[in-house]
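Enquirer: The primary structure of each chain is shown beneath.
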Amino acid sequence: MSMSLLQVLIGGLLLGAVYALFSSGLTLIWGMMNVVNFAHGDFVMIAMYVAFMVWKLFGGGPFLAMPIAAMLLATLGIIAYFSLVRHVMKGPMLAQILGTFGLALLLRYGMFWTFGANFQSLPENLVGGTYDLWGIRIQASRLLAGTLAIVLTITLHLMLTRTSLGSKMLAVAEDSTAAQLMGIRPDRMQAIAWGLAAGLTGIAGALIATFFYISPTVGETLAIIAFVTVSLGGFGSITGALVAGLLIGVIESLSGYLIGAVYKDIVVYTIFIAVLWFRPQGLMGKN
Amino acid sequence: MKRSVWLLLILALVVVYPLLFTTPFLQRLGALVLLYAIAASAWNIVGGYAGQVSVGHVVFFGCGAYASMAFFTHFGWPPIAAVPVGMMASVGIAALIGVPTLRLSGHYFSMATIAVAELARLIVTNVEALGAAVGLSGPVMPRSVFDLSFTSALPYYYLFLVVLLAVLGLTYWMENSRIGFYLRAIKDNERAARSLGVQAGRYKLYAYMMSAGLTSIAGTLYATMYGFIDPDSGLGILTSVKILIMAALGGAGLLFGPLVGAAILVPLEEISNNLLGGKGAGLTFVVYGAIIMIIARFYPSGLLKLVLDRLASAKPALSEQKVRDVA
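Listed in order, the protein sequences are those of chains C and Y.
Letter by letter, the first sequence follows residues 15 to 301 of this note's numbering.
Letter by letter, the second sequence follows residues 709 to 1035 of this note's numbering.
Since the hints were made in silico from the structure, they are not lab data.
Don't take each hint at face value.
[Said to hold, decoys possible] Just so you have them, the derived chain Y footprint on chain C, three or more residues with Cβ under 8 Å:
1. 30-40
2. 137-145
3. 191-204
4. 252-264
5. 280-290
[Unchecked claim] Pairwise CB distance ranges (calculated):
6. C:275 <-> Y:811: 34 to 42 Å
7. C:72 <-> Y:991: 26 to 34 Å
8. Y:803 <-> C:275: 25 to 33 Å
9. C:151 <-> Y:991: 52 to 60 Å
10. C:48 <-> Y:981: 52 to 60 Å
11. Y:936 <-> C:149: 33 to 41 Å
12. C:93 <-> Y:803: 12 to 20 Å
13. Y:863 <-> C:48: 29 to 37 Å
14. Y:936 <-> C:74: 42 to 50 Å
15. Y:936 <-> C:134: 47 to 55 Å
16. Y:899 <-> C:291: 58 to 66 Å
[Said to hold, decoys possible] Examples of chain C residues lying across from chain Y (beta carbon under 8 Å, computed):
17. 50
18. 98
19. 149
All residues carry an ideal CB built from backbone N, CA and C; glycine is no exception.
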């Protein structure tokens, strides 16, 4: 295997890890309360602008931006849950989908109005430079983002499966009435899930901003990537999202390398259609 | 009886509108209201009646628009002649999205519609024969009346009105036919409908394909009027947003809901564009996002339903009065 191909593969895995991180929040909410957050990609976009402003105002890098973005986005997620999602989730399908779709437009064009349509980016050497490992060149920013994203996604999985809070959340996902009879408050658990999922988009956004373009419309692209990841990984499965995210990162990088950069999104979106046709339950999902 | 009198009165008003308001701005505004009402009424068939929320309807609009401009550019067809091509492409794409997703929960359908619309935009942006990022133009000078290229908006107004009436007529027929009853049953309770032997997936798919074909006509009409189409206007997500917000604001699942929505929103958007210029574009969609959230949160059945309910709740009061009088 040639060195440049190996470099593309590693780059794809690191990018895919970040995809997995923000998609895991989407799949958590979907699995828990059967709601798809159409504003999920725009949450990441907001976090990217937070990272941009942190750099612009304080000259700070991702380590300052991450906690700020995580807190802001978690707050936004909890507000969105209490003021909107809680009310539409029991309503007709139209209300369920238009609710978060409207939120997505509000955030996207609010940022468009504030920052303009121009693409922004953080300085390339904000996080170290580029490492050269036996001829494989890896940007420090991607290495940091990818490693941290994998660690956080696995942490989320462990939190859900090994802690009492996680068990309570899964209980609500399984049967919220039964959970309520056991003394768990579904409303509180669902609000925590929204805070958690949105907080993770905050961290993912602050990380991805260090090497990705920042624009008001980037949220749509990221949202579709999250949809592909979640469908491929299987409804509600964090480990599925991790595997699918890594896979999509690799496929995207490979197709960019082999066919051309403009076609990488086309390939990923086509995979989405193929998954829906041939394996709608996803890789890890049950039938 | 009373209802039909009202409808005839409103229809008469719509017919004479451009003769009463003769300024080019108002005539063009009227034509645009009807054009978006066509697209929104087509969306209503799947979004309102079948309860499957398409957030990527622009892909069908784009099929119609691109079919007309591409067949003009490459074969010299009059733009309107490509209507069947656009419709066939749309129905095909609807099947591609609908067959796998309409069996699953409604969320899959909505996610797939958004992804396919974006996929179509990316593909067209990279295909030279479809004008790539620049777009395609229609006839510069009308070669014959069949090019439907007029400087006045008046002919477009009546053309759009005829098409809108046909779309509404078709919707009315569907509402009162077997498929309409099935769709209502599915929307109410899909599991119950299935257990009574309604093939839910199939009827949702029929509604989706019908909606797709009719939306593509709106796309062709748009391209015929503007004589130009590019990836943003023909396949951008904002056109999807406009189509669905008009139907949802007016009243999804009501025959005249989309027309009411278009009559409210198109003038608002034109006026805000005129007042604010380019700066207004972002703001318009901030407002649209807010409107969509408010509809979802407070009035999922739309404004027209709200008005009709008010009128209906006023009636019992009248009959109570009568009862009291008799007593």
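Enquirer: Indicate, hint by hint, whether the structure satisfies it.
Expert: Hints, one by one, checked against the model:
Counting residues of the region 30-40 of chain C whose CB lies closer than 8 Å to any CB of chain Y gives 0, so the stated coverage by that chain is violated, three being the minimum. As drawn, the region 137-145 of chain C meets chain Y at 0 residues by the rule of a beta-carbon pair under 8 Å; below three, the given contact is violated. Against chain Y, the region 191-204 of chain C contributes 0 residues with a C-beta closer than 8 Å to a partner C-beta. That does not satisfy the three-residue criterion, and the hint is violated. A count of 0 residues in the region 252-264 of chain C with a Cβ less than 8 Å from any Cβ of chain Y is obtained; the coverage claim is therefore unmet, three being the minimum.
Closer than 8 Å: that is the beta-carbon criterion, and the region 280-290 of chain C has 6 residues meeting it against chain Y, so the requirement of 3 holds. Remark: the range hint 34 to 42 Å for residue 275 of chain C to residue 811 of chain Y is upheld by a beta-carbon distance near 35 Å. Between residue 72 of chain C and residue 991 of chain Y the Cβ separation comes to about 30 Å, which falls inside the hinted range of 26 to 34 Å. For the hinted restraint 25 to 33 Å between residue 803 of chain Y and residue 275 of chain C, the CB-CB distance of approximately 31 Å keeps it satisfied.
Checked against the hint of 52 to 60 Å, the C-beta distance between residue 151 of chain C and residue 991 of chain Y comes to roughly 44 Å, which is inconsistent with it. Distance hint check: the CB atoms of residue 48 of chain C and residue 981 of chain Y are about 39 Å apart, inconsistent with the given range 52 to 60 Å. Remark: the range hint 33 to 41 Å for residue 936 of chain Y to residue 149 of chain C is contradicted by a beta-carbon distance near 51 Å. Roughly 40 Å separates the CB atoms of residue 93 of chain C and residue 803 of chain Y, a value that falls outside the hinted 12 to 20 Å.
Judged by the Cβ atoms, the range 29 to 37 Å given for residue 863 of chain Y and residue 48 of chain C is violated: they are separated by roughly 49 Å. The hinted window of 42 to 50 Å between residue 936 of chain Y and residue 74 of chain C holds, with their beta carbons roughly 46 Å apart. Taking the beta carbon of each, residue 936 of chain Y and residue 134 of chain C are about 31 Å apart, not inside 47 to 55 Å as hinted. Range check, residue 899 of chain Y to residue 291 of chain C: Cβ separation about 24 Å, and the 58 to 66 Å hint is violated.
Checking residue 50 of chain C against chain Y by beta carbon gives a least distance of about 4 Å; that is within 8 Å, so the hint holds. Because the smallest distance between the Cβ of residue 98 of chain C and any Cβ of chain Y comes to about 6 Å, under 8 Å, the interface hint for this residue holds. At a threshold of 8 Å, the smallest CB-CB gap from residue 149 of chain C to chain Y is about 33 Å, leaving the interface hint violated.
Hint violations for this structure: numbers 1, 2, 3, 4, 9, 10, 11, 12, 13, 15, 16 and 19, all remaining hints satisfied.
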